[in-house]
Each structure stands twice: as C-alpha cells, then as structure tokens.
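Q: These protein sequence lines are chains A and B, in that order.
Numbers 0 to 264, taken from numbering that gives the first Met the number 0, label the letters of the first sequence in order.
Numbers 0 to 246, taken from numbering that gives the first Met the number 0, label the letters of the second sequence in order.
Since the hints were made in silico from the structure, they are not lab data.
Where hints are given, some of them may not hold.
Said to hold, decoys possible - Label pairs and their computed distance ranges (CB to CB):
hint	chain 1	residue 1	chain 2	residue 2	range
1	B	L229	A	Q11	31 to 37 Å
2	A	V248	B	Q140	51 to 57 Å
3	A	Y137	B	G25	57 to 63 Å
4	A	L136	B	N143	20 to 26 Å
5	B	N189	A	R17	31 to 37 Å
6	B	K50	A	N181	46 to 52 Å
7	A	I18	B	N63	37 to 43 Å
8	B	I4	A	N185	29 to 35 Å
9	A	L41	B	Q140	26 to 32 Å
10	B	Y16	A	N181	37 to 43 Å
To be verified - To give an idea of the chain A side of the interface with chain B (calculated C-beta under 10 Å), a few residues:
hint	residue
11	K30
12	K95
13	Y99
Glycine residues also receive a C-beta, built at the ideal position from the N, C-alpha and C atoms.
Residue strings, one per chain:
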Amino acid sequence: MTDRIFEFVERQLPKNNRIERIWKIAQVDFKRRYYNDVLGLLWALANPLSQIGLYYFIFTRIFKKEQENYVLYIFCGIILWLAFAEATRKGSLILKEKQYLMENIQFNWVDLYISHMLSITYGMIFNFFAYAIISLLYSNSYGTYFYLFPVVLLTWFLFGLAISIILSLLRPLFEDSFHIWNILLNIGFWSSGIFYSGSYFFENYTWFSYINPFVGVILNARACLLENNELYPFWLIYNFLFAAVFLVVAIIIFKKNIKKITEKI
Amino acid sequence: MEERIVLEVKNVAKTFYVMDKHASMGKRVLSLINPKKHAQRVEALKAVNFKVFKGDFLGIIGENGSGKSTLLKIIIGYIDGDEGGSVKVSGRLTKLALGMAFDDALTARDNIYLNGSIFGLTFDEIRERFDEIVKYAEVEQFINTPLRFYSSGMRSRLALSIALHAEADIFLIDEFFGEVGDIGFKAKSNNIFNNRIANGKTILFVSHFMNLIEKYCNRLLVIDKGNGYLFENVQEGLLFYKNQVSA
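Same shape as in the complex, but just chain B (with noise of 0.2 Å):
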C-alpha cells in the first residue's frame, strides 16, 4: 500500500450554538448577534486526529449521536470545525448517497446523466458507462420511463448501479448499501462494489455493521462521545467499540 496521505484530519473539533425557538424575540435576536453568549452550548467533537493513506478502507463507528456525522460533514466541507483545527484532503472527495438527486418527474435516461454528473463523470464518460449502468439496474425496458412508475426495488437497484459507476479519489460511504435486491442482485452488487470500489481506492466506511467492518476495513476509528480514538488494527477497535457500548 502507498504511504501517500489523501486525507489529515488535525484537532477537529467541533461546538453547536443552538437557538432556543420557544425563546423571546430579543433572546432570539441577542443569539444570532452573539451565540456564544446568549445561545445553548453543544459541543459535538472534541479534537479528531487521523490521517487517511490512499488505498486505505477506514472504518468509523460510533453509537448514534457521538458525532459522526458532523465529522463527516467537516470532512466534505458542509460546515466547518471550530478555529484551530484543519482538514487537508488531497484530490475529490464524494459521498456515495443512493438517489441523491433522483427525480421522480424525469426519466432514468435524464437521472442517469444528472447523477452521473454530480458522482463526476463527464457526458462522454456517462456514455461510454450508459448501458453498462442499465443493464446492471435491469431496467433495459423502462429507460425512457419516469422515475414516479419506478417500483422501490427498481429505483434502489438504479441508484446503486449510478454509484456504483461513481469517480472520484476518496469515497466516503455512510452505511452502505449492499442491501439492495434480491439474493441474485445482492451478490453481483457485492460482486461490482469489489471490484469497482473496494479495489484500490481510498474509502471511509461509516458503519453499524460490525461484520461489514471486519470484513472490508483495514483501519478503525472510533467516535465515541465526539472523541475519535484511531485502531490500526480492526479486531481491537472493535473490542475498544464493544467496551464503550456496554459500560
């Protein structure tokens, strides 16, 4: 594996000023003048450290509400962690998030080029995948249909396959998706997320499974009460995880 840093996370930390909305207008008014002051304190992260090599498949798991989803967030740059902290990321970072921008008023054709193109694949590269998408969706019949007659399952395998024919350098996936489907489409996703994703590029894995992490992941790092606590080793993360849980 290159030792070559895609992704430095430095004292990322992170507090929320929360406004009260039952509150008066003029507490209202005070908290968006000064929330330090007149707004509740919520402090979600406390000084993150890691650092992500290429090729790396790190694994993230905390309870819900630790904080990883505002790491996250830090990470792609949606919001910003309190002074003093820094986020290096070398090259594109995408969050695979099924369906994100499907319309359900547009066809699978047109869904296919728009979430292709935000996923960053050019019209030439969309193309070139087109059929290949398609196929894999089975949706051969419906591609000039609207999403809106789409079943689930033929929407779910549609959105999939457009990830699963995503670019970029850092793949961030948030509780994935190998779920989709029938037994059959279960295992060729498995099959294509092998050998698309999960072969060579640099992947943070937020997850609950800890079966998934085990199986994927080469690194651990665990949220636990907006602390992140980094394993090299995944089996003892796990434990460290399991400890935090039950005490």
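Isolated chain A, as found in the complex (with noise of 0.2 Å):
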C-alpha cells in the first residue's frame, strides 16, 4: 500500500534529479526503519498510540482531568512532538551517517536534512491518518481553521530543520550536546502544553511562548484539527516566522562551518 503511494507521489515529481535524489533518500530512510519488522509501518503508530494511552488514564483516571475529547486532544500534540524529538535525535547524526555520500558526491548538503525531515514526516503523516480514524470514532468534525493546519507542519518542519543542522554541527565537535538535548526535550515535552492548554504561558510567561515556538504551534493544530478550539493568529505568523528565520540563520551557520566539522567526523 505505502509503495504504491511513493510511486504514485514518485511520477508526480518534476524530473529533477536534485528533487528525486531528496525523494528517494528520504524513502529509503523511512522503509529502512520499518520495513525489517514483521508489523512494518504499525510500529510507527505503537509508540504514540502506547504513550497517549498511558497518558489518557494517569490524566482522566488519576488527575481527574475533564476536557472534551481529550484523546484527541493529546493525540495532536503528542503526535506533532515525538516527531519533532525524533526528527532532531536522529537529524544531530546525519553527518556521520551519510559521510559516505558527502565524500563521493558533489551536491547541496542541506538536501541531506530535507530527505531526513521528509522521511520523519512520512511517519508523522501516517499517524495523522489514525488520529483521523479515531476522531471519526469519536464523532469529532475537523476545527474550523483546518485549511491552516499545512501552515502549522511547515512551521514544525522549517523548525525541526534548523534544529536539525545545528545539532548535527555541534555533535562531532561535542557529543555531550546530545545529552543536553535530551535534557532540553524532557523539559519541552512537559512545557509546551501537550497535556493542557498552553495559553497559560501567553499569560503567564510570554517569553517562554516566543523561545518555544511548540507552545503556539500545538494550540494552532488543536485549532486547525479539533472543535471548538480558539486560533492564536499572532502565534500562527510569529512561529512561521521564527522557524523561517532559525533555518535561514542555521544555513548560514552551515555553510560557514561545514568543511571545519567534515575534518574532525
């Protein structure tokens, strides 16, 4: 079923061989995570599935939390943040996993970062369509702001880029940066309301919402996938912005750095 879609995608692309070899490198490294497994792509959904479950009960169950349709609600920023995790552990390593390709062939490197976003993006859209399986479930029609929902994943994904470039120039230089990632994920994950409402950092902690652009992203794709749930137009154009930026300033960081970074890999 997956190859058929890739081959479909595959003859719409323009006959490029820059976009094609993005193309085909982001594909492989996605089959290559799951095409071993005897469940294949399912596991790509057991991670999050596993983990809102989990959630759902300590959060309904334990913590009394009331919200309406609250699997749903997880489900959209959990969704958006274990791609976003995996994208930027995986993405700190690309140079050292596609040194091969770096050494033989003369191309943009940063094509290397966009097959990557795209191959965790596949994934990710994999389980968009079971959030929209279980929100059929639940009798939850689209947010009224879904035409903006594509805006939303360009911003993770212009995001999810930049962090990408940077981890991966620091990591060869300084591999405790991958620890201190983490460290900074961990706080992500409890501080970017995927679990309540991150307006209150808005409020509260306006700051906090400009250097996290996750607070603003997950409340939009709330607002784009689920009912009644209010649009923060502000936050809508400033993350876009900021991740747009982030990646132009992280370019430059690379094209400046690079040939520094390849001799110590």
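Quick one: dock chain against chain with the hints and give me the complex.
A: Here is the structure:
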C-alpha cells in the first residue's frame, strides 16, 4: 500500500535529479526504519498510541482531568512532539551517517536534512491518518481552521530542519550536546502544552512562548484539527517567521562551518 | 583532444591539527578553541598544482599516506584546503565508489533507483537503463529480493553495473574495480568500461596498479610526501615514482 503511494507521488515529481534524489533518500530512510519488522509500519503508530493511552489514563483517571475529547487533545500535541524529538535526535547524526555520500558525490548537503525531515514527516502523516480514524470514532468534526494546518506543519518542518542542522554541527565536536538536547526535549515535552492549554504561557510567561514555538504550534494545531479550539493568529505568523529565520541562520552557520566539522568526523 | 580546462588545482595544501584523545580535559578544550597552538600539526599536502583538460585520463599514484585521499577529499569538496589554494571544477564531479549507498534491507530495484539518483540519473533515465543494469549484473531473477539475500558476487556485479551507468562530467575512480566476477564478467566489465566511461569522459584515476595506469592514462600525477609532480608522459612519471619508492 505504502509502496503504491510512494510510486504515485514519485510519478508526480518534476523531472529533476536533485528533487528526485531528496525524495528517494527520504523514502529509503523511511522504509529502512520499518520494513525489516514483522509489523512494519504499525510500529510507527505503536509508540504514540501507547504513550497516549498511558497519559490518557493518568490524566483522566488519576488526576481527574475533564476535557472534551481529551484523547484527541493529547493526540494532536503528542504526534507533533514525538516526531520533532525523533527528527532532532536522529538529525544530530546525519553528518556521520551520510558521510559516505558527502565524501563521494558533489551536491548541496542541506538536501540530506530535507530528506531526513521528509522521512520523519511520512511517519507523522501516517500517525495523522490514525488520528483521523480515531477522530471519526469520537464523532469529532475538524476545527474551523483546518485549512491553516499546512502552515502549522510547515512551521514544524522548518523548525525541525533548523534544529537538526545545528545539532548535527555540534555533535561531532561535542558529543555531550546530545545529552543536553535530551534534557531540553524532556523540559519541552512537559512545557509545550501537550496535556494542557499552552495559553497559560501566553498569559503568564509570554517570553517562554517566544523562545519555544511549540507552545503556539500545538495550540494552533488543535484549532485546525479539533472542534471548539481557539486559533492564535499572532502566534501562527510569529512561529512561522521564527522557524523560517532560524532556518536561514542555521544554514548560514552550516555553510560557514561545515568543512571544519567534516575534518573532525 | 579539446584543451578546455575542467579542473584546476592551484597551490592546494592541507595541514591537519590533530587533538590528542588522551590529553587532559583542559588541553582538549584548548585544542578546540585554538587548534593551531594546542593540537598536533600534520602536513598532509604541500602546494599541489595541476590542470585537467576535458577528455583527460589523469592517473594519480602515490604510496599509502602520501596525501592522495586528502587531495581527493579537497577536490570533491568534502574538506577545504589551507588558505591560499583553490580548486576550480567545471561541471559535475562524481566519485565512482561501488555500492556506496547500498542498503541490505531494500530490494535490488530500490537500490538501483537510490544509487542511480545519487549518481546523477533522473528516474526517467534509470527507467531507460534499468533492464540493461539488471541484465549486465545478471540478477534478473532476483530484482525484487532484498540485498541481504544476495551473494557477495551478486552484490559486486550489481554495484559495478550501476556505477558503469553513472552520469557526470568528471569521474573520480579510486582503485577501480574491474576485478569483480569471473573471467567472462571481467571481460564484459572492461568492455563496458572502455565504451561508456573511458571513452571521451574526463577521469581522475587513483591506483596502485601501474599496469592499469599505463593502459588507460594519458597524464600522471605522482604524490610523494604531500608534494605533487605532474608528468605529461606517463612512462616518465612511473619511472619517477619507482625511484621515489625505492629511495
């Protein structure tokens, strides 16, 4: 099934070696993650579903949280967050893992990061299909701002791309950066409004919302995907611009320093 | 032969500053901040100069550790040379590394598309050459089989077949490859190499095998202790190399 989808998309691509190569590397990375396992792609679902089940139980039964469609409420945030965490953790290793390509072929190395983010995005899209099915079970119609969801996804993509670039530059020089990043991911997981409304930060710690785009990304994702959730237009635009500018800065740093880093690998 | 320069290497030198992994934490931090002062200095290349013209088959020879790999890395753009040197490449340069991006978990079909696109072919071009690649590799029956079930001979033939169908303006060949397979396959490889790659393409050919250099190359660059010596006459270059080795 996924092969047919990939083939279909492949046929729609412009006849351009660079675009096709980005696509192919992403596709292969995605296949490599799941094709050897007996359950294959279902593993892409297992991790978020198990976490959602666990957190749902803890928050609704133990902490008695009352929230309409709470499963979907968590689902929205957790899909985006777990995909981001996976993208950045694996992204930090790109220079090492793709060294064989960089040493042998002349191409724009930023393409490797785009392929990487695309392969993570495929898995995330698969999770959003699962979200759509569960959403039907809960008779939830999509949010009023569903048409803005691509902007949220693009913001997520650009931000993940920028962080992956920076981390991959740091890791060969400073292996400890991986541990530091894991701590930051843990802090981010509990402070980005996955289990509660991030609007708390807008009202009480606005500065934090400026430096952690996920607060706005998750809130606006809910406005797109869930009924009766408020959209925050300022944060939608701010986060998109933040991610775009951050990416430009990351690429400039990458271009300036990459040859010094490749010597260390 | 057209006298159009496709690669110009001017004053390329490379000095590495190597950090001692057993040094104290303080010294390691210092060597990161100011490597020139606190790390060990290794001069891998000293001012190498040469030009490559379109259609050239330039041999590169040198002992292990002479600086060949460093030079190739600088030419392909993987690392920078020291300040003051320059590398100008006109067109796309590809190193023909066999099975570079092979993935055992994927089928031969997937690997052909992946490696083909890495070697500069569009999907349409891969589709056009697909049957030829498969037939040449003699793996027609196993095209949808994951590579982990392939024998090493089948893998090598497939890798070679894909490489021989690559597209680039300048090919960089590091210890080529014609030794894959049985006698019949070797003959077929040599034939396709002569027709597709060696015929009119610009090639930088790194090898320790003097007979191959003699057979294919029209010019020779000898790398010795980081210095580059260019010879328009391959025989003279090989003689120089032999003398350097035996000295």
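Q: Evaluate each hint against the coordinates.
A: Each hint tested on the structure:
| no. | hint | in the structure |
| --- | --- | --- |
| 1 | L229/B <-> Q11/A: 31 to 37 Å | violated (49 Å) |
| 2 | V248/A <-> Q140/B: 51 to 57 Å | holds (52 Å) |
| 3 | Y137/A <-> G25/B: 57 to 63 Å | holds (59 Å) |
| 4 | L136/A <-> N143/B: 20 to 26 Å | violated (37 Å) |
| 5 | N189/B <-> R17/A: 31 to 37 Å | holds (33 Å) |
| 6 | K50/B <-> N181/A: 46 to 52 Å | holds (50 Å) |
| 7 | I18/A <-> N63/B: 37 to 43 Å | holds (40 Å) |
| 8 | I4/B <-> N185/A: 29 to 35 Å | violated (55 Å) |
| 9 | L41/A <-> Q140/B: 26 to 32 Å | holds (31 Å) |
| 10 | Y16/B <-> N181/A: 37 to 43 Å | violated (30 Å) |
| 11 | K30 | holds (6 Å) |
| 12 | K95 | violated (14 Å) |
| 13 | Y99 | holds (6 Å) |
Hints 1, 4, 8, 10, 12 from the earlier list are contradicted by this structure; the remaining hints agree with it.
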